[in-house]
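Protein chains in written order, with our numbering: chain D, -6 to 293; chain U, 148 to 443.
Treat the hints with care, since some could be wrong.
[Claimed, not checked] Mimicking DMTMM-like on lysine to aspartate or glutamate, the simulated pairs with C-alpha atoms at most 25 Å apart in a straight line are: (1) Lys43(D) with Asp341(U); (2) Lys189(D) with Glu101(D); (3) Lys405(U) with Asp152(D); (4) Lys384(U) with Asp130(D); (5) Lys430(U) with Asp152(D); (6) Lys97(D) with Asp152(D); (7) Lys405(U) with Asp130(D); (8) Lys13(D) with Asp387(U); (9) Lys97(D) with Asp341(U); (10) Lys47(D) with Glu70(D); (11) Lys430(U) with Glu185(D); (12) Lys227(D) with Glu332(U); (13) Lys430(U) with Asp130(D); (14) Lys47(D) with Glu297(U).
Please keep in mind that the hints were generated in silico from the structure rather than gathered at the bench. Small disclaimer: the values here were computed from a predicted structure and weren't measured.
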Amino acid sequence: MSSSSKSRKPSGLFRNMSAKIASVPMVLTALVVFVGGTAWTVLYSFTSSKLLPKLNFVGLDQYERLWSTRRWIISIENLAVYGFFSMIFTLVIGFTLAAMLDRKIRGESIFRTIFLYPFALSFVVTGLAWQWILNPDLGIQNVVRQMGWESFTFNPLNDPDIVIYGILIAGLWQGTGLIMVIMLAGLRGIDEDIWKAARVDGIGTVKTYIRVIIPMMRPVFVTALVLIASGIIKIYDLVVAQTNGGPGIASEVPAKYVINYMFRAQNLAQGFAASTMMLLSVVIILIPWAYLEFGGKKRG
Amino acid sequence: MVDAVTPRGPKPRRRFSRANVMLYGTLIVVAAYYALPLYVMIVTSLKGMPEIRLGNIFSPPVEITYQPWVKAWAEACTGINCEGLSRGFWNSVQILIPSVILSIAIASVNGYALANWKFKGSEVFFTILIVGAFIPYQVMLYPLVIILRELGLYGNVWGLVLVHTVFGMPILTLLFRNYFTSVPEELFKAARVDGAGFWGIYFRIMLPMSLPIFVVAIILQVTGIWNDFLFGVIYTKPADYPMTVQLNNIVNSVQGIKEYNVNMAATLLTGLVPLIIYFASGKLFVRGIAAGAVKG
């Protein structure tokens, strides 16, 4: 009897052998790919590797080159603009839709199904669909002009100044449904009595949401933010499908820069340096979040 | 007469109050906006090219033609290759089936070991796995190229299967670990007393009990892997490109006259698999993405 209860907390190397053998894929993935792969890329970003990885260190040369390349600067600017607006609009639209669906309406599941279906589609499909809708000669611009407004201009995909907003429209269409579902789950977790109390106190609906409900949903908002942020940094296939970085290099993004230098331009170390910068930006976002989530819990 | 003092439940509302009309009006307009791209894709794919050039993208087809669908499936060209999207479809199927099976098999056993057979260091590896889910893929792309090349799998379908298994592991392991943790411990202890081992308990007790979570995992993996573009384009050769990559090559190819109806038919064909899963699975799809949302 005592051996069966002990077997849950084994100490010897050969105890629990099957579980250890079964965990080999997980251990290999964690150590070799995630830790090893990341360390390898960071290490080789300090070299001058071109076609093949070579360990001839050149210090921070690759990073200096990276930050003096116009294409990278444009990529970072695009990511900043896309990221900023995507974050705000996704949160606002996601929460507003969830709040509207939470008002005990009829046909809730139909609306939810419609708002969420774009999320099932790939970024390639999303990008191509919006490329067609935003087509200047046959798309929305053309339809409005046919209706009589001859000078109407809405051609984001061919205008370097606003092309990133054209991509933003498609990205929001695809991703807001997910945040809506998460917000809706958060709203459902809020006690009915809050609403009764607010009604007794004579506080209006909108005011109750802003003053009471949203502060109560802080953890849900944090989860949503992390989710949106990690999606933003990954943005790649949407751009490839919708504009392929064009017109010119006006809609380039960091992920595309990395792939380009590693697999097309055969300048490996430059790609490694760019991907290390991407990693750095994730770390900068992730550490405050991890601190808030886990550091806070321990103290409370 | 408690009811007379404290009203319970929502305040009764008139069906056509101003607030209600506003609420439903907004929802219907927004829903129309979300539905519009799918509608435009469908009507465009059913029109002939002359009608597209003259007309309006929102108008329904005057003369319905299925020719664009046939062409997209069997004749559309990427470069000099004119076999249509069908090749990409079958490539995707060949990638999908082993990837889904392998990734779920490995992750469920991982989750089971983490929940019921903790060993020294198991939590450390799990933490690395979850943190790893946030590392941008770009950082690990090239090391994986080297690993696959060493294994002799670079540029073939099995290499891509391995990549999908590796990158699907964090979220799936989390999903299974959380599920198996919720299984009553008495059941596990009883099986141990009866002499069942690691695999015996997994196959005879855990597996039959956890079918719903397997369905969630399958939905998550099928849509995720089907929609993948990045790994497909990097780890396979053009002959093995998955459907998404081939679709992009067909639509964005610079040669020839643009046939928007064929392009939209091809786009819809590629989106069909995840759409069918989405509409058929309903709540389970939501459960899958909600599980994905609470990582960490």
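**Prompt:** Which hint numbers doesn't this structure obey?
**Reply:** Result: hints 1, 4, 5, 6, 8, 9, 10, 12 and 13 break, sorted rising.
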